[in-house]
Amino acid sequence: MIGLFNAVLRRELRLAAAAKTEWLMPLFFYVIVVTLFGLGAKPNDPQLAEFAPAILWVGALLAALLTLERLFRTDYEDGTLEQIFLGTQPVTLVVAAKLSAHWLLTGLPLALLAAPLSAALGFSSAAIPALVAGLALGTPVLTLIGGFASALTVGLPRAGVLLPLLVLPLVTPIVIFGAGAARVAQSGLDASAPLYFLAAILVLGLTLLPWATAAALRNAFE
Amino acid sequence: MWTWFHRLASPPTFYRLADRFAPWFGIAAAGLLGYGIVGGLFFAPADYQQSDAFRIIYIHVPAAALSLSIYMLMATAGAVAVIWRIKLAECVLVSAAPVGASFTALALVTGMLWGKPMWGAYWVWDARLTAELILLFLYVGVIGLNQAIEDPRAAARACGLLALIGVINVPIVHYSVEWWNSLHQGSTILKMGKPNMNAEMARPLYACLLGVYFFMGYVLLRRTQNELLLRESGTAWVKERLESSNV
Amino acid sequence: MSSNFLNMSGYAVYVWGSYGFAAAVFAWNLIAPRLRRRQILKELSTTE
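Here the protein sequences line up with chains A, B and C, keeping their order.
Going by the working numbering, the first sequence opens with residue 1, and the numbers climb by one from there.
Going by the working numbering, the second sequence opens with residue 223, and the numbers climb by one from there.
Going by the working numbering, the third sequence opens with residue 470, and the numbers climb by one from there.
Bound-form chain A, shown alone (with noise of 0.2 angstroms):
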């Protein structure tokens, strides 16, 4: 199981290699929207620093859903997603691969990323922890919803404007705490409930949604 799990994730990272520039582009994406919130404000205001746990945040998951569709649209358009259920692998695990991979390609990039970005943004440098540790925790979530989201409308033409629609609303709670825990550590206290609670939907994610995920990808072919 474990073989055949990092077979499908180093594939991913293999294929993703090769097309090392849509990779970027969530990244790229990111760093201009926090950017151009900053330029957008009065210089050196200290109000951008209050809302920077809410930029910081919906930025990033703003980021993660460019990447979102191509996780199976390849596959399903080249015929390799028909094989995986043709074959005896456990869909699941190969699904839990693939979204693995995006979150080591978009989802802890970003959340790396958002450190040294906050200092644009004037976050203090103290509660950088707390968010950090937030996305680290919420983009997998993020990762396993868009996937979803993104199985549910694998075949379809324009997905591109459903997909949004249909993360978002699953997200909220995510982006509520993640910002919650790096704005209550901005005011020096202690971050953890809003941590417990991304960490408690992380798990509750990872035990649903991988199923969830390969039983709308069979639903595509049936």
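No wet-lab data here; the hints were simulated from the structure.
Beta carbons: idealized from backbone N, C-alpha and C, even for Gly.
Incorrect hints may have been included.
What the hints assert, rightly or not - One-sided and incomplete, this derived list gives chain B residues near chain C with beta-carbon spacing under 7 angstroms:
(1) M334
(2) D373
(3) M423
(4) V441
(5) R444
(6) R445
Unchecked claim - Reference listing, derived: stretches of chain B covered by chain A, where coverage requires no fewer than 3 residues with Cβ under 8 angstroms from a Cβ of chain A:
(7) 240-253
(8) 285-293
(9) 324-333
Let chain A serve as the given structure and place chains B and C on it in line with the hints.
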């Protein structure tokens, strides 16, 4: 017991039963809602704190309750559709979404119109209101997904999965007033023991609550019939009904 | 008495706004399935 279930799930049987029961649901709804609204607008005494503004309760609470119940029904139908692939469940699931969305919108709008005079604000970002708004987005997502996928059976099953994942929001809406500091009032009716409301105010509310569920039943029966007609249009039983012009 | 009924102690906009929107929602839920049924029957009979 399972044979009864299977027989009920047979489209022509369900269609026939729906034709038989729907008018009664409609009459019950009309009677209960009539009694409730008249009682609520005319006969219930004005609240000493909220004066006549409290009368919004006769719309807001039934609408909110229905928004949650319809989602549970939709998610249950979704589970049945995904696991056992029963056509009737697919039809119920797809029919429930727009009805649920309309009542969620009604709960939100009446809530805003009640919040403005009482709290001074049309909207606050507290747990219950936010979760109910998310519920509306979930319903709209189900409607959008159903329309986007061409094959009706695959579409319904995809929506079933989506509804199932979103169902976690329903207990959040319901328990949010207990779990978090909320501006929204806590549970009055479902509390153990006697509810805190004056009987003359409470009776029309119970009538509206029950009436609105009968209304939901009526609407869902009719909409499910429509979905069955569409999906089973090639079958003998539908053709027979069309010919006898007894649809 | 009747003037307060319309006025709702000053809360007329909120109360009647709510009941008005409710009337619209109930009406839509009643009418839309009926219209859809008629449309379906028309489609089914013309494809015969």
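Practice task
Quick one: which hint numbers does this structure break? Sort them smallest to largest.
Solution key: 1, 2, 3, 7, 8 and 9
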